[in-house]
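Sequence order for the protein chains is A and B.
Residues are numbered in the numbering used here as their position in the first sequence, beginning at 1, plus a constant of 234.
Residues are numbered in the numbering used here as their position in the second sequence, beginning at 1, plus a constant of 7.
One or more of the hints may lead you astray.
Unchecked claim - Below, in silico cross-link-like pairs of lysine to any residue (SDA-like), each with a Cα-Cα straight-line distance of 25 Å or less:
| no. | chain 1 | residue 1 | chain 2 | residue 2 |
| --- | --- | --- | --- | --- |
| 1 | B | K93 | B | S9 |
| 2 | A | K327 | B | G189 |
| 3 | B | K179 | A | Q350 |
| 4 | A | K327 | B | I280 |
| 5 | A | K256 | B | Q104 |
| 6 | B | K123 | B | R138 |
| 7 | A | K327 | A | P304 |
| 8 | A | K324 | B | T228 |
| 9 | B | K179 | A | D312 |
| 10 | B | K179 | A | D345 |
| 11 | A | K322 | B | D267 |
| 12 | A | K319 | A | G305 |
| 13 | A | K324 | B | G48 |
| 14 | A | K265 | A | F309 |
| 15 | A | K324 | A | G307 |
| 16 | B | K179 | A | H238 |
| 17 | B | K179 | A | L340 |
| 18 | B | K216 | B | P97 |
| 19 | A | K275 | A | A260 |
| 20 | B | K179 | A | K324 |
| 21 | B | K137 | B | A103 |
| 22 | B | K179 | B | E92 |
| 23 | B | K137 | B | E92 |
| 24 | A | K275 | B | D175 |
| 25 | A | K275 | B | D170 |
| 26 | A | K275 | B | A200 |
| 27 | A | K275 | B | G189 |
| 28 | B | K216 | B | G237 |
| 29 | A | K275 | A | V245 |
| 30 | A | K275 | B | D265 |
| 31 | A | K327 | B | E229 |
| 32 | A | K322 | A | Q332 |
| 33 | A | K319 | A | L340 |
| 34 | A | K324 | B | E92 |
| 35 | A | K327 | B | A103 |
By construction, these hints were calculated from the structure, which means they are not laboratory data.
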Amino acid sequence: MQLHVSPATGVPLYLQIESQLKHAIAAGALKQGDTLPSVRKLAADLRINPNTVARAYQNLERDGVIRTVPGGGTFVADNVPGLLKSEKLKRLKPFALQLAVEGTQLRLSRDEILKQVHVALDELGERS
Amino acid sequence: MSEFAILTDGLMKHYSETRAVDGLHLHVPRGSLYGFLGRNGAGKTTTIRTLMGLLRPTGGSARMLDMRVPEEQIAILQRTAYVSEKKTLPSSMTGAQLVRFNRPYYRSWSDASAAKCAQRLEIPMDQQFKRLSLGNRTKLCLLMALAQGAELLILDEPTLGLDPVIMDELLKLLIEDYAVEGRTVFLSSHRLAEVERVADWVGIIDHGKLLLEARLDDIRTEYCRINASGNALPVNIGPQILSAVFSGSLCEYVVRNDADNFVAELRSQGATILDVSPLNLGEVFLLLVRKEEPCTSGNVGATPAALSPST
Numbered sequence: 235m236q237l238h239v240s241p242a243t244g245v246p247l248y249l250q251i252e253s254q255l256k257h258a259i260a261a262g263a264l265k266q267g268d269t270l271p272s273v274r275k276l277a278a279d280l281r282i283n284p285n286t287v288a289r290a291y292q293n294l295e296r297d298g299v300i301r302t303v304p305g306g307g308t309f310v311a312d313n314v315p316g317l318l319k320s321e322k323l324k325r326l327k328p329f330a331l332q333l334a335v336e337g338t339q340l341r342l343s344r345d346e347i348l349k350q351v352h353v354a355l356d357e358l359g360e361r362s
Numbered sequence: 008m009s010e011f012a013i014l015t016d017g018l019m020k021h022y023s024e025t026r027a028v029d030g031l032h033l034h035v036p037r038g039s040l041y042g043f044l045g046r047n048g049a050g051k052t053t054t055i056r057t058l059m060g061l062l063r064p065t066g067g068s069a070r071m072l073d074m075r076v077p078e079e080q081i082a083i084l085q086r087t088a089y090v091s092e093k094k095t096l097p098s099s100m101t102g103a104q105l106v107r108f109n110r111p112y113y114r115s116w117s118d119a120s121a122a123k124c125a126q127r128l129e130i131p132m133d134q135q136f137k138r139l140s141l142g143n144r145t146k147l148c149l150l151m152a153l154a155q156g157a158e159l160l161i162l163d164e165p166t167l168g169l170d171p172v173i174m175d176e177l178l179k180l181l182i183e184d185y186a187v188e189g190r191t192v193f194l195s196s197h198r199l200a201e202v203e204r205v206a207d208w209v210g211i212i213d214h215g216k217l218l219l220e221a222r223l224d225d226i227r228t229e230y231c232r233i234n235a236s237g238n239a240l241p242v243n244i245g246p247q248i249l250s251a252v253f254s255g256s257l258c259e260y261v262v263r264n265d266a267d268n269f270v271a272e273l274r275s276q277g278a279t280i281l282d283v284s285p286l287n288l289g290e291v292f293l294l295l296v297r298k299e300e301p302c303t304s305g306n307v308g309a310t311p312a313a314l315s316p317s318t
């Protein structure tokens, strides 16, 4: 599992790390219980500030995506993410809204927009 | 113990007519890797030389590691390592000789760190300093500073003459030996791409004053470029809308804070949003520094499209 960050895009680096790890977990490249590199190692490997890595890990831990054992490393959490269904849906809603708005403005039909979601899910390998 | 490794309060250094440093308020958090950015002549080196006790401030005050500049300079120097803009060392000594010469001056000196640095940065340690290339001189100065094991590392243009491979190794060294150890690095540079990668705080200085000081990730979240098309797009440039460049029915906005609200407002007026993207450090730098020049008016962010109608 290799992460890449690109400062030139202007997207905060901690968000880039968060989304890549979430993506890897959703796609099955990382599985429950897999070990993640330590903050120090990931910072040195990516040549980025350790505070940035720590911020990403803290956010992921708060979201229940990873868990940290004091002195024992960082792991992909079991039952990712441990949230109530309603909470999961609430988090997804802004993305759905964005998709709907952009799709409508591009004059795409409802079916064409929905098809894109299906295609994206297929590409992830339909882990459900 | 204060939370700041470097703190200045209205620091000033004037040379007869020139106000090289003009009321500077720096807040460098302990444990940060702080990028101090500015154009040539913006006041970076004067600030650093004043902090190091090489220049006497005209006004204001500064503290490093909670000690007063310049009254407690000796104690400050014991705990601070410095690479100056000139990159000079005694010219007839070799790297190995300089290591032996510098070692007894510092309680926290580490031969292991010197050896690691020499190996990683590929420094020829048995050549006289005067026979080294510019890049190798820079590297040897860096080695002397890194091996001191200081709590605070001050680097004035540390990337001068370094090739991309060595540059990469230097960033790795700074992260491994400084950032993850909770020590503070304060570096001035023009190389925004490198700073953008490793720094977590930046300060942008121009004409001796600080234009911006913030956590780098907050800067990335704060500044946004929005491309929109539509009729009667708003043109009022204010504190939130930093620039609006029109070409036909298209407009490129640069906004600060609350881009989401501005996008929603544009949409409610029937505009189509083509693209919303964050600004990188280089773009924010140009935006802030160009704003200081009187003649550029609204054309900040100078994209080719923005320049073409007027020229």
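What hint numbers does the structure not satisfy? 1, 2, 3, 5, 7, 9, 10, 12, 13, 15, 17, 18, 20, 28, 30, 33, 34 and 35
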